[in-house]
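Please model the complete structure; the sequences and the hints are all you need to start from.
Protein chains in written order, with my numbering: chain A, 1 to 442; chain B, 1 to 332.
For the record, the hints were derived by calculation from the structure and aren't laboratory data. Think of the CB as a built atom: it goes at the ideal place given N, C-alpha and C, for glycine as much as any other residue. Please note that a few of the clues may not be correct.
[Stated by the list, open to error] In the SDA-like style, the derived pairs of lysine to any residue whose C-alpha atoms are separated by at most 20 Å in a straight line are:
(1) 92/B x 432/A
(2) 415/A x 112/B
(3) 415/A x 118/B
(4) 326/B x 242/A
(5) 233/A x 312/B
(6) 415/A x 312/B
(7) 326/B x 245/A
(8) 233/A x 308/B
(9) 241/A x 92/B
(10) 92/B x 430/A
(11) 415/A x 125/B
(12) 92/B x 421/A
(13) 415/A x 124/B
(14) 233/A x 316/B
(15) 241/A x 312/B
(16) 241/A x 116/B
(17) 326/B x 243/A
(18) 92/B x 429/A
(19) 92/B x 425/A
(20) 92/B x 434/A
(21) 92/B x 424/A
(22) 325/B x 245/A
(23) 135/B x 73/B
[To be verified] Computed list of chain B residues with no C-beta within reach of chain A, every gap over 12 Å:
(24) 11
(25) 90
(26) 120
(27) 183
(28) 187
(29) 213
(30) 311
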Amino acid sequence: MHHVSGRWRHLAAAALVVAAGALGLLVAQPATADSPITSGSNCVANETTGCLQGKVVDDNRNPVPGAKVTVTAPSGASDDATTGKDGTFFFAVTEEGAFKVDLDPSSLPDGVTPKVASLTVQVQLSNITPAGFALNGHIKGSVSHGTGPVPFYQLVWQQFSQGLLLGLLLALAAIGLSLIYGTTGLSNFAHSEQITLGGFLAYVFAVQLGVPLVLTAVIVIALTSLSGYLQDKLIWGPLRKRGLGLTQLMVVTIGLSLALEYVFQLIFGARVYPVATDLELNTGPLNITPAAYWSMLVSIVVLALVGFALLFTRFGRATRAVADNRALAAASGIDVERIIRIVWIVATGLAGLSGVLYALVNGGVYWLTGAQLLLLVFAAVTLGGIGTAFGALVGSLIIGVVANMSTLFIPQDLKYATGLVILIVVLLVRPQGILGRRERVG
Amino acid sequence: MDIGFYFNHLFTDFGSTILSVITASYIIAAIGLNIHFGFTGLLNIGQAGFMLIGAYGFAITVKYTQNFWLGVVVALVAAVLFALALGLPTLKLRGDYLAIVTIAAAEILRLIGDNQLLAPITGGTFGIPGSVFAKPFAALSPFPQTGLFQIGPYNYPFSEGDSWWLRIVAWSLVAICVGISFLLVRSPWGRVLRGIREDEDAVRSLGKNVTMYKTQSLVIGGLFGALAGIVNVLATSVSADSMGRTLTFELYTCLLLGGAATVFGPVLGTFLYWVMLVFLRDTIGFWSPPGLLSQQQIPQITWILVGIGLMLLVIFRPQGILGNKKELAFGD
Numbered sequence: 001m002h003h004v005s006g007r008w009r010h011l012a013a014a015a016l017v018v019a020a021g022a023l024g025l026l027v028a029q030p031a032t033a034d035s036p037i038t039s040g041s042n043c044v045a046n047e048t049t050g051c052l053q054g055k056v057v058d059d060n061r062n063p064v065p066g067a068k069v070t071v072t073a074p075s076g077a078s079d080d081a082t083t084g085k086d087g088t089f090f091f092a093v094t095e096e097g098a099f100k101v102d103l104d105p106s107s108l109p110d111g112v113t114p115k116v117a118s119l120t121v122q123v124q125l126s127n128i129t130p131a132g133f134a135l136n137g138h139i140k141g142s143v144s145h146g147t148g149p150v151p152f153y154q155l156v157w158q159q160f161s162q163g164l165l166l167g168l169l170l171a172l173a174a175i176g177l178s179l180i181y182g183t184t185g186l187s188n189f190a191h192s193e194q195i196t197l198g199g200f201l202a203y204v205f206a207v208q209l210g211v212p213l214v215l216t217a218v219i220v221i222a223l224t225s226l227s228g229y230l231q232d233k234l235i236w237g238p239l240r241k242r243g244l245g246l247t248q249l250m251v252v253t254i255g256l257s258l259a260l261e262y263v264f265q266l267i268f269g270a271r272v273y274p275v276a277t278d279l280e281l282n283t284g285p286l287n288i289t290p291a292a293y294w295s296m297l298v299s300i301v302v303l304a305l306v307g308f309a310l311l312f313t314r315f316g317r318a319t320r321a322v323a324d325n326r327a328l329a330a331a332s333g334i335d336v337e338r339i340i341r342i343v344w345i346v347a348t349g350l351a352g353l354s355g356v357l358y359a360l361v362n363g364g365v366y367w368l369t370g371a372q373l374l375l376l377v378f379a380a381v382t383l384g385g386i387g388t389a390f391g392a393l394v395g396s397l398i399i400g401v402v403a404n405m406s407t408l409f410i411p412q413d414l415k416y417a418t419g420l421v422i423l424i425v426v427l428l429v430r431p432q433g434i435l436g437r438r439e440r441v442g
Numbered sequence: 001m002d003i004g005f006y007f008n009h010l011f012t013d014f015g016s017t018i019l020s021v022i023t024a025s026y027i028i029a030a031i032g033l034n035i036h037f038g039f040t041g042l043l044n045i046g047q048a049g050f051m052l053i054g055a056y057g058f059a060i061t062v063k064y065t066q067n068f069w070l071g072v073v074v075a076l077v078a079a080v081l082f083a084l085a086l087g088l089p090t091l092k093l094r095g096d097y098l099a100i101v102t103i104a105a106a107e108i109l110r111l112i113g114d115n116q117l118l119a120p121i122t123g124g125t126f127g128i129p130g131s132v133f134a135k136p137f138a139a140l141s142p143f144p145q146t147g148l149f150q151i152g153p154y155n156y157p158f159s160e161g162d163s164w165w166l167r168i169v170a171w172s173l174v175a176i177c178v179g180i181s182f183l184l185v186r187s188p189w190g191r192v193l194r195g196i197r198e199d200e201d202a203v204r205s206l207g208k209n210v211t212m213y214k215t216q217s218l219v220i221g222g223l224f225g226a227l228a229g230i231v232n233v234l235a236t237s238v239s240a241d242s243m244g245r246t247l248t249f250e251l252y253t254c255l256l257l258g259g260a261a262t263v264f265g266p267v268l269g270t271f272l273y274w275v276m277l278v279f280l281r282d283t284i285g286f287w288s289p290p291g292l293l294s295q296q297q298i299p300q301i302t303w304i305l306v307g308i309g310l311m312l313l314v315i316f317r318p319q320g321i322l323g324n325k326k327e328l329a330f331g332d
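As structure tokens, this is what we get:
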């Protein structure tokens, strides 16, 4: 094995990573219907099918069942559907263009009238196009959620819960980044692409193939972990053996990140791909969607498991030993290379899960999803203390909450800027981070 | 006949690339990056941010005052302040902190530039068109203000926009910048920078203020970046999205290809990089079976190749073409 030229293995590695992403190309499904529009109780978007779907709600935002919705294609073909118990309607369409969506007022229950009865929407294949109707008045049994402008404390609360959610998702990615840094010293700029990969794989399995979400998450974790295993086996392991400096390795991760970003763009284009197929309303004490509650729960459980494993298992102790002093760990009989490989597998799997959940609760995934998050992930890792796993968790929660809370005062799209401000303040005041140890800083 | 057309097309493109103002701006920015990374060992992954702050500083000032020189001064001052803001919290710390902060700061600048709130000043995602700020520069031209001038297959305006005048200025600036970097790195100051790159503690033990030298290096390299930003936007327009992370990665590829820590590395590397890019685009575009690739996919494929190329370069020839393996900018 050792005599095989490293050169070809690196090329093979690049090809494999590309191949992992290329999965999206293999799952095109044939068109099934002759008419360009088919109504149904659900819709699965793929290469040849776009989804036009929405919900009919009254002014308390309660779903209105039994409303008749008619969709007319640019070619003139049309189909109609009746909203289900949850007020939703679905149309699968096989052509692109401007579709007309009409709500039949006579089909509505007493007491409600449409604000707008006709919409025109641009439909694209392999995409989900929303087309909802809001009604005046409310139906019998409709529950009021309060009206009028939202009070400020409620906005604060909403941003706080959104921030908590973002923080948990960041933590999933940040802990992996921090573990890799702790055990190998590498700042992995390609970690963001593991998040994007997770999101796209979730789209491929959940939306294109119609796999249930839970199963999708399991498959995605398995596949992204596999990509981490392959990366370490084919790229990072051999490069460590070659004795490449850390700065050199870091530039290699930058090159990999650039290549992977454009692999994603080559396969998926620049569009946003939604992973959640049904429209949900905010509910409960945190005022977030059910999917967001589930994402939070999953994140907390997974993070707790990782924390438990780090503290109480043999692998966890070995990982911490390697992070603490690699030579000493090796001398005391720990197989350092094996630990690092497992760290890569765990780290990429966690990033993949983070990508699935992020795509689920943030409206979808596109080729730069991970690159956008990377800044916040690095800020979180630095804030908590580079190389400390629990620091990454604390840092992520703080960054997530502060970034979201900042949108109360600054424009939404500048919320990522908050991450940098925190980063600079931390470096000025406490460069080792919240949980970092002082001697780490050189 | 097809092959003749292909070669004709290819060599015409090579020529226009070598003459191009964009190529010149890449070289100037890469020279700045060389001072950071090649000579001092500072891992600045936000050189595009320096270009962007130079571009905005220049374009916005000229937009409101129509004064070219004031625009240049504002751009350079803005770059100095930006360098200080990034350097002061990070340069005392380990190298990766600077890397993370520079890439983040460059990204923030881009986000602010794209933001709709500041659109009356920055133009938001649409940017600032050249027509708003390029006139005072054209007015300095000794050539006729209007009209085109043709040499061989190359037909450009005399003074306006992406003109012969701008080409002459840009390439003169390249020559001046190469000269400055040559003098800088051979000076006692430059020797201290190399010393910091090789062994920071050794230099510190000689009584040198290492943080001060690093800050000066960051500021001076950043000034080259801002200058490159001005040159770049004079040919086109200010657009935050065209100066993002990808541009910094391109600059690293140019620098590492030619050879970091060499005076002519950035020049040779940038020429080779652009010639290869044009070769790939033309060749893939011309020889791929029709219908296989769309127009958008050809640049995407070349970007993937650039990323893989950067990886292979760093792994197999980190010293580049002109570099000396003993003088490697990659410390541990």
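#### Entry: Index of numbered hints that the structure contradicts, given in increasing order
6, 9, 16, 25 and 30
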